[in-house]
Amino acid sequence: MSDWGQRIAIASIFSVLLVQASLAEERTRHRSPRVEIRRVHQLEKVSSRAADLLVQQPTSAPSTSPPFTREESEEVIEGQIIPVTGVQLNPTETGIELLLQTPPQSAEQLQPNNISSGNNFIVDIPNAQLQLLDGKPFRAEKPIEGISEVTVNNQDASTIRVTAVGETALPQVELFDSDESLIFGFTPLNPPEARGESSPSPALPP
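Just so we're aligned, residue 1 is where the sequence shown starts under our numbering, counting upward by one.
Worth flagging that the hints you see were computed from the coordinates, not collected in a lab. There could be a bad hint or two in this list.
What the hints assert, rightly or not - Below, simulated DMTMM-like cross-link-like pairs (lysine to aspartate or glutamate); rule was C-alpha separation at most 20 Å, straight line:
#1 K142 - E108
#2 K142 - E180
#3 K142 - D156
#4 K136 - E149
#5 K136 - E167
#6 K142 - E167
Go ahead and model the full structure; you've got the sequences and the hints to work with.
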């Protein structure tokens, strides 16, 4: 074979190899989509500090309230109805105080609505229910001079009504709360005639 013929043959072989390589690359490109792999320096930096980890993975703060008993917790959580399990009436220097006893840390959630009329101090307390041991409403007749009656009862399944009836005038009322009680302080407001005191006589002219 002449030199010219050998050159033609070698060129043909190279052409065939180039075509096969091109076809193989084309098949590979269609079969295997390109996957981008991020290098180490491209990855997002993750903090190992405790403060940053709390931000990255927020969690609920632990409760600082003292735990209820199981029964008390179920009563308070269910329907958000706060049970009033005791009623106590105590004398004070100026009158009387009425305590509505609740599970711990619940009294401050009671929000009385004042609907007083005439000599009758009346408040309705929503989201609460009277649950005394005897199952009866509370009533005290003439607990102090100037107040004829104090009552606590359920208006409906989720409302308590507190009433204090003044004998001649609406009692003065102060509201307090403690960890386990909502407290009403009653001071009767009676005119001097009702307390048996006479008004001073006007001075006579000389």
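Indices of hints not satisfied (ascending): 1, 2, 3 and 5
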